[in-house]
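Produce the complete structure using the sequences and hints provided.
Chains as they are written, first to last, in this note's numbering: chain A, 387 to 684; chain B, 387 to 684.
Be aware that a few hints might be false.
Chain copies aren't distinguished; within one or between two, either way the pair holds.
Unchecked claim - Once the Cα atoms are required to be at most 25 Å apart in a straight line, the calculated PhoX-like pairs of lysine-lysine come out as: (1) K453 <-> K530; (2) K554 <-> K491; (3) K433 <-> K486; (4) K486 <-> K634; (5) K554 <-> K634.
No lab work stands behind these hints, which were simulated from the structure alone.
2 protein chains.
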Amino acid sequence: MGLSAIKEDLLASARHVEGFLRTSLHGRGVPERLLTSMEYSLLAGGKRLRPVLCLKWAKLCGLDMEKAMPFAASLELIHTYSLIHDDLPAMDNDDLRRGKPSNHKQFDEATAILAGDGLLTEAFSLMAQAAESLPAERVVCAMKAVAAAAGAGGMVGGQALDMEYTGKAGISLDQLQTMHAMKTGALIRVACLSGAMLAGSKASVLEKASTYGAAIGVAFQIADDILDVVGNEQEIGKPVGSDEQAGKNTYPSLVGLAESHRLARLYVDRAVECLEEYSTSEADFLRQLAFYIVERVS
Amino acid sequence: MGLSAIKEDLLASARHVEGFLRTSLHGRGVPERLLTSMEYSLLAGGKRLRPVLCLKWAKLCGLDMEKAMPFAASLELIHTYSLIHDDLPAMDNDDLRRGKPSNHKQFDEATAILAGDGLLTEAFSLMAQAAESLPAERVVCAMKAVAAAAGAGGMVGGQALDMEYTGKAGISLDQLQTMHAMKTGALIRVACLSGAMLAGSKASVLEKASTYGAAIGVAFQIADDILDVVGNEQEIGKPVGSDEQAGKNTYPSLVGLAESHRLARLYVDRAVECLEEYSTSEADFLRQLAFYIVERVS
Chain A
387 MGLSAIKEDL LASARHVEGF LRTSLHGRGV PERLLTSMEY SLLAGGKRLR
437 PVLCLKWAKL CGLDMEKAMP FAASLELIHT YSLIHDDLPA MDNDDLRRGK
487 PSNHKQFDEA TAILAGDGLL TEAFSLMAQA AESLPAERVV CAMKAVAAAA
537 GAGGMVGGQA LDMEYTGKAG ISLDQLQTMH AMKTGALIRV ACLSGAMLAG
587 SKASVLEKAS TYGAAIGVAF QIADDILDVV GNEQEIGKPV GSDEQAGKNT
637 YPSLVGLAES HRLARLYVDR AVECLEEYST SEADFLRQLA FYIVERVS
Chain B
387 MGLSAIKEDL LASARHVEGF LRTSLHGRGV PERLLTSMEY SLLAGGKRLR
437 PVLCLKWAKL CGLDMEKAMP FAASLELIHT YSLIHDDLPA MDNDDLRRGK
487 PSNHKQFDEA TAILAGDGLL TEAFSLMAQA AESLPAERVV CAMKAVAAAA
537 GAGGMVGGQA LDMEYTGKAG ISLDQLQTMH AMKTGALIRV ACLSGAMLAG
587 SKASVLEKAS TYGAAIGVAF QIADDILDVV GNEQEIGKPV GSDEQAGKNT
637 YPSLVGLAES HRLARLYVDR AVECLEEYST SEADFLRQLA FYIVERVS
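Printed below as a string of structure tokens:
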């Protein structure tokens, strides 16, 4: 599988997830304006990386992908809510998201806060829904893992640290890595892990899914930081150099561009190692996905 | 059980819940400032009504209360997060909560948003934790019910409607009731329902728990609206008449004080009817609790 094949597979998988997402909030009695606001952000495109990782790991571990779909899709609801809240004026104050007005710009702040709250809560509703076709024990374990990864000791805590560190000098690489591992890494890691959990995998496999996810999470963050320096506005959906302007601590700002590239490749290698024993098309996809992360910035 | 006995039992139950809440967020890797902010609001007092309702219904249906505790406590995390977000400048813009500075006043807006997000997510972590001592099927069902009640078709949606209706003339009693049923009723209802669910109760009992919870939820809201007109500032923790000043639609503003009192009593009767078959001390508590709601405003 080459670079164009992985892109195609990623697109096809994203479309598959989107088919599910499109009706995922319907029939729940959501007031109209709130629903419009939630779907404005949820259906605004994106690679759907987290659901796809969950589905591919579930399949790799022997589970029918359709059974994992509600759970996988819930990860996109969580990712979307985090973007809406991060964009708020009191947080990163971003007017644009994926080239369109951010949620609070398109609607208003109150609606954006509630849209985020709603997406986060509906995510757990979707996860619970997965128990209709999977053993409840597996689903509860995976829900617990997602809550830990997305919560105050994970994604939410990472955003809190990011706010604390922004504009502050003297942040160490170690602090930066912990912050990113929580803010973006934890959800990517748990996407892989939960897929394996839903399939009922044994501990050694869960370990591999977790390590793979954590490693590509780091590689992905470094690549994003690099793109903010060397990318073009259309590709990244926001002005180039916006991290630097916002006083964000990034890999390039802390260790330079060359070392950032080296680190990204190191983590990709670590991710690929986790798949050594596997030779299915899903394993191939997950391997190529890891390579793709660094290829798009080199 | 008289008025003073119910007050005492309510206080003792609240203290029991607080004992659990006090350490519920520890050992989760939450950054210090964020944890301080979350606990500032979570441990600021309150009647702990939702956890107590869950515990009492669980016990009434034959479950050891300790097994339901993590789940019951999670409802207080959800309630607390909703208060923090509702107080934000973009929402109700309240500077005071329970006589103390609201979360965003004590910390800052970003921290308050994240503290709310963190509490909501950790709530689901606590719920999943309940599966350590209860069948996973029951826990998942109860989690699904809580997510639906707290989500965009429940509490979050109710707050969205409240924002939409505030300052608007011509809101009907029907619209007001739907809004309240979502905003405050749904979580109170599901507190009772989830307690019965965790105990593995049959459908007819779940129905009673749900009806009882919905009815006291309405009675409670009417009583709150009445207190905002006739209560004193110390008792309600915010200035008297603040609803009217904020242009809020309330029961007294829509149907008058006398009719509000009559409606409150009607819903209390409906709640008490659900307990007809029960004669345990928990049933007595739940009956007296319903009466207590209207007694405190008469």
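We went through each hint and held it up to the structure:
| no. | hint | verdict |
| --- | --- | --- |
| 1 | K453 <-> K530 | both (18 Å within a copy, 17 Å between copies) |
| 2 | K554 <-> K491 | between (28 Å within a copy, 23 Å between copies) |
| 3 | K433 <-> K486 | within (16 Å within a copy, 44 Å between copies) |
| 4 | K486 <-> K634 | within (22 Å within a copy, 34 Å between copies) |
| 5 | K554 <-> K634 | within (9 Å within a copy, 42 Å between copies) |
Checked against the numbered hints given earlier, the structure satisfies every one of them.
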